[in-house]
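Protein chains in written order, with the numbering used here: chain A, 1 to 232; chain B, 1 to 726.
It is possible that some hints are incorrect.
Ranges between beta-carbon positions, derived for each pair [as the list claims (entries may be wrong)]: (1) G122/B to S134/A: 42 to 52 Å; (2) S142/A to N683/B: 32 to 42 Å; (3) I265/B to S142/A: 30 to 40 Å; (4) A336/B to D61/A: 43 to 53 Å; (5) D72/A to S126/B: 37 to 47 Å; (6) P51/A to D407/B: 41 to 51 Å; (7) D223/B to A201/A: 46 to 56 Å; (8) R177/A to W124/B: 40 to 50 Å.
Just so you have them, the derived chain B footprint on chain A, three or more residues with Cβ under 8 Å [unchecked claim]: (9) 90 to 99; (10) 133 to 140.
The set of hints was computed from the structure by calculation and includes no laboratory data. Computed from a prediction, not measured in an experiment: that's the story for all the values here. Even for Gly, the Cβ is constructed at its ideal location relative to N, Cα and C.
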Amino acid sequence: MRRALAAATLALALGGCANGEFNPIVEAAVNEILPGERAPGEGEAPAAAGPVTREQITRADVATIRARLVGDQRPTFLFAASDNGGYVTFASSIRQTLTLRGSWITASRGLGWDLLSATSSRPDPLVTPIPPGSWPAMVRRSYEFHAFAPQGRIESFECRYELGAVRDVVILQRLHRGVEIAETCVGETRSFENLHFADAATGFVWRSLQWLGPQQGLIDLELVEPYSGRRS
Amino acid sequence: MAGRRGGATVPTLIFAGAVAGFGAPAVGETVRPTLNLYGLTGLIDMPTAQSQPDAQVALSYSYFGETQRRNFSFQILPRITGVVRYSTIENWGQRDDDGVYDPTYDLFDRSFDVQFTLLKEGEWRSWTPAIGLGFRDFLGTGVYSSEYLVATKTIQDFTVTAGIGWGRLSQKNTFENPFCAVSSSACDRDNEFGEGGKLSTSTFFRGQNVGVFGGVEWRTPIDGLNLKVEYSTDDYKREQQSPASDFKPESQVNVGAQYRIREGIEVGGYWMYGSEVGLSVSISGNPLRPLVPPDLGTGPLPVVARAASAPTGTGWAQNRGAIDQLAAALDEILRAEGMQLEGFAADPDGRGVEVAITNLRFQSDPKAIGRTTRVLAAGLPASVETFRITPMQDGLRTSTITIDRSDLEAEVDRPNAGERSWENVEIVGATPALPPGAWYRDAYPDFEWSLVPAPFLTLLTPGDPIRVGLNIDLETTLNLAPGLSLTANISQPALNIPNDPGPSETALPPVRSDQPRYFAGYAPKLPQLTADYLFKLNENTYGRATVGLIERMFGGVGGEVLWKPVDQSWGLGADVNWVAQRDYDSPFGFGYYDYNVVTGHASLYWDTGYYGLEAQVDAGRYLAGDWGGTFSLSRRFPNGWAVGAYFTLTDVTEEDFGEGSFDKGVSISIPFRWTVPFETRANNTVSLTSVSRDGGAQLQVSNALYPIVRNYDRNRLSRNWGSFWQ
Chain A
1 MRRALAAATL ALALGGCANG EFNPIVEAAV NEILPGERAP GEGEAPAAAG PVTREQITRA
61 DVATIRARLV GDQRPTFLFA ASDNGGYVTF ASSIRQTLTL RGSWITASRG LGWDLLSATS
121 SRPDPLVTPI PPGSWPAMVR RSYEFHAFAP QGRIESFECR YELGAVRDVV ILQRLHRGVE
181 IAETCVGETR SFENLHFADA ATGFVWRSLQ WLGPQQGLID LELVEPYSGR RS
Chain B
1 MAGRRGGATV PTLIFAGAVA GFGAPAVGET VRPTLNLYGL TGLIDMPTAQ SQPDAQVALS
61 YSYFGETQRR NFSFQILPRI TGVVRYSTIE NWGQRDDDGV YDPTYDLFDR SFDVQFTLLK
121 EGEWRSWTPA IGLGFRDFLG TGVYSSEYLV ATKTIQDFTV TAGIGWGRLS QKNTFENPFC
181 AVSSSACDRD NEFGEGGKLS TSTFFRGQNV GVFGGVEWRT PIDGLNLKVE YSTDDYKREQ
241 QSPASDFKPE SQVNVGAQYR IREGIEVGGY WMYGSEVGLS VSISGNPLRP LVPPDLGTGP
301 LPVVARAASA PTGTGWAQNR GAIDQLAAAL DEILRAEGMQ LEGFAADPDG RGVEVAITNL
361 RFQSDPKAIG RTTRVLAAGL PASVETFRIT PMQDGLRTST ITIDRSDLEA EVDRPNAGER
421 SWENVEIVGA TPALPPGAWY RDAYPDFEWS LVPAPFLTLL TPGDPIRVGL NIDLETTLNL
481 APGLSLTANI SQPALNIPND PGPSETALPP VRSDQPRYFA GYAPKLPQLT ADYLFKLNEN
541 TYGRATVGLI ERMFGGVGGE VLWKPVDQSW GLGADVNWVA QRDYDSPFGF GYYDYNVVTG
601 HASLYWDTGY YGLEAQVDAG RYLAGDWGGT FSLSRRFPNG WAVGAYFTLT DVTEEDFGEG
661 SFDKGVSISI PFRWTVPFET RANNTVSLTS VSRDGGAQLQ VSNALYPIVR NYDRNRLSRN
721 WGSFWQ
C-alpha cells in the first residue's frame, strides 16, 4: 500500500519554497510520473513525456487517482496532497484538485464549477467499502455549490443502487474483478446517475462516474493507487 | 437522462469513453420568456405579465414603420422590471420656436417604464395566471404614457395574455374607464409634460376609455422559435399626424416570429399593424450566470494540518533575520498566488502574525483572503496560532480579518466549511499602520502603467443616438509610499471621434453641457494629472487629499473624509473641493471659462442588505453653484456586477435646467471576470445618463473613498465568503 503525506510541508517558506512548488509530495510525484509537465530547470531540457506506467506510480510511492471530465480527451493524474480528517485532497500538476472520502468525491477545485463540499448518510459504500451484496438500499447525498453567502447552495438526493454484471477492469496495467453498480439519485429539482465499479470481494470502488454538479456534470474517476493513511 | 437500468452494456461503453451526452437535466427548468418591441417581457407591441429571471439585463433594438426603439431593461428585483428607452420617431412633426411647422421633424425621446409582478403564475392556486401592473413612459415626455393591468397563463406550449390599458393603450377595443364613475376628473388625461423627465402620476389610470388587448405566443417544436400574434390597442394616431408620415396602420393585429439563436441572443421579424415590416434584436445576460465557467484554473493550495510533533519554538519571532527571510519567502509565494505582500508583523510571543496584502488577481476578496490563509498555513512556523490578514486597496488598509489556525485546520476540506469558518473569523477595522518594526515591501517609488484600447459607447445624445468609438489610454501611477501617489492619464482619440459641437446653450455655467467639447477631436487629452494621498485616521475613518487636474473638465484641490465601521451597514462621508473649469482645448489652461467654484457634499451610504441594494444620499453644493441633493440606488452583486440609477434635485429651475427638468440616469458595471475564464479585477462601466446638463453636476473623482473600502465590511465579505475556500 502506498502512503501519501508527510509533515514536511510545514515551514515551507522557511525552507525556501519556490514558485509552483505547492506541495513537495505532489511535486515529487509529478516529476517522477509526469516529467513532461515539470518546468525545466536552468539549462535543463524538458524530459520527453510518454505513457504513464504502473512502475512509475510504484516508484513515486504516492497515492494516485486518474480523472477525466466528460468531453476531455485525456485523463489527468492527481496525487494525494493532504489528509484532513479523512478528506484526502488530490492535486494535479496544475493544481486542480479533487477531495475524496474513500472513493467518493466530496469537493473539486479549478475544473470549471467548484463542488464546495458534500456529505452522505451512513453507511456509504463509497466511503467505507461494503461487499456489493450488502450495499444499503438508499444513501442520502447532499452537495454544496457556490452561493453568495458563507454557506453554499445545498442540493440533496436520495440514491439507490442497482447491481449489474461482474466483469474485469484494468486500471493502469492492474486487473480488478468487480461488479458494476448503477446509483440513481433523485432530488427535488433534478436527478442524475452515477456508475461504480466495486471490487467483487471487498466492495472497494476502483472506478466510477460521479456527478460533480449541474454544470460540471460527470467525471470518470479511477483510483490508481488508493490512499492508505498519513505518513508519520 | 441517458444511462442504464441493469445490464452491462451501457456502463461498459461509458467506461470505454462514450460518456458524452450523459447529462443531468434539471427537472422543471423553465424557458426564459421573450421580449417585446419595448424591451419588456411581452408579446410584440403589447406587454405580458411574465418577467425575466431575477437580475436579467437586456439591450434591445426594434424598428417598424418610422419608429426605432433602443431599450435597456433590468429585472431590478424578482417582481420589479425597469426599462430605459431611447426612441426615434421619424416625421413626428413639430413647430419650431418661431411657430413654423416642420412636418419632417424627427423626435428623439427618452422614456422609462416599470412593471410590477403582482402575482406569479400558479403562486396562489395552481391554475392562477401571472398578473402584472405596468407603467410605460412614467418618467419622460409622455409620448408612450400608458398604464396597464395584464394577466398571462401558460398552457403547455402556449402562453395566453389578456390585459386592459390606459393612455396609449386605450385607443382601440375600449370600454369606459371605470374610474370615471368615481371622479369625473379621472376622464381627463393631459399628456403634455413640458421639458419631460418628471413623474407623471397625475395621469395614472386617467382617460375616457380603457382598451382591452391580448395575444398568444407559441413555443414551436423548433428549439428557440416562438410565434406570436396579438391584438394591439395602440392606434399610433400621433405618429400619423404629420403629412410627411408614411405610417398608415390598417389593422390592430400584429404577428411575428422570434428566434433565440443562442441563450442571450434573439432576433425577431414581424408584420405590424397590417402595413409595416418590423424587426428586433436583443442581447441579454444575467449577473448570476457568468458566460464562462467561473472556477476554471489553479485551485487553492492544499492545507496540511500541523503534526502534533511539529516544533513549536517561538525564537524566530525575536530574530530579525528569520522574520525578514520568512516575509521574503511569503512575498514570493503570495505573488505567485495573485497577492502582493505589503507588510508583515509577528507578535513578539511568536503566536500570531499580521500580513497586509493587495489582491492583484481575484474578483472576490474573500477568495484572496482564503488563498492567503492557505499560504500562511503552509509557510509559517507551527507556533503561529493566529493569522491577521489586512487587505489593502489603493494603498489603504481596510479591514483586518483574524483567523484561528486550529479552526482552519479543523474546517478545511470538511462539509459546510464556509459557514463554519464565517462563524469563527473576527473582522475589525484595520489600524492605520502595522506595529513598529514590521517588515514592509521595499518597493517605493513604484511605477505602474498600462496602455489599453478603450472603446467607448455614447448613448442618448440627440442627433447622435449611438456612437461607438475608440481611445487609446495610457494610465501611469507613481506610488511614492503606501497611499501616496502621482497619477497621469493620457487619452489618445483613435476612431470615430466626434467633432467639436461648439458651445452649448445653457442658462447656467456650462459645467457639463460643454462636456462633448472635451471629448472632441483627435488631439491627445489629459483626463487626469493628480497627486493623491489616501490614509486612515483611525480604525473606522478614512481620508483622502487630491490636488491637480482632477477630471477632464475641472482641476483644483479637494479632500474627503469617510467614517465607515466594518460592522455597520451605513457610513458617513464629506468632501470639499475648490475647482476651476479647465479649457476644453488646452490640457493646462483655465482661461477660457474663467470659472471656479467651491463644491462639496455630505454623504450617507447605506447597504440595505436587501438583494444587494445600496442607497446613497448626497447633499451639498454642485459644480454650477446650485444647492441640492442626489439620491442613488444601485443593486450590487457580489461578483462585481452593479446596476444603478440616480436623480438629483437642486435649486435650479426646470426652465434653467432644460430638457429633462432635472438630472437623472442609470449605470451598469460589468466585471470583466464575468466574461472571461480567468481571474481579473477589471470592470467595464457604461453610463446611460440623460443629456448632460449643468444642474446637479458633481465632480468626478477617480479615487473616492467609499467605492474603495465598501467591499471590506462585514456585510460584503459575508456575501462572498463562500469563495474563501475556493
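Verification of the supplied hints:
1. G122/B to S134/A: 42 to 52 Å: Check passed, 44 Å falls within 42 to 52 Å.
2. S142/A to N683/B: 32 to 42 Å: holds, 35 Å
3. I265/B to S142/A: 30 to 40 Å: holds, 36 Å
4. A336/B to D61/A: 43 to 53 Å: violated, 27 Å
5. D72/A to S126/B: 37 to 47 Å: Hint holds: Cβ distance 43 Å, inside 37 to 47 Å.
6. P51/A to D407/B: 41 to 51 Å: Given range 41 to 51 Å: holds, Cβ gap about 44 Å.
7. D223/B to A201/A: 46 to 56 Å: holds, 49 Å
8. R177/A to W124/B: 40 to 50 Å: violated, 59 Å
9. 90 to 99: holds (count 6)
10. 133 to 140: violated (count 0)
In summary, the structure is inconsistent with hints 4, 8, 10 from the numbered list given earlier, while agreeing with the others.
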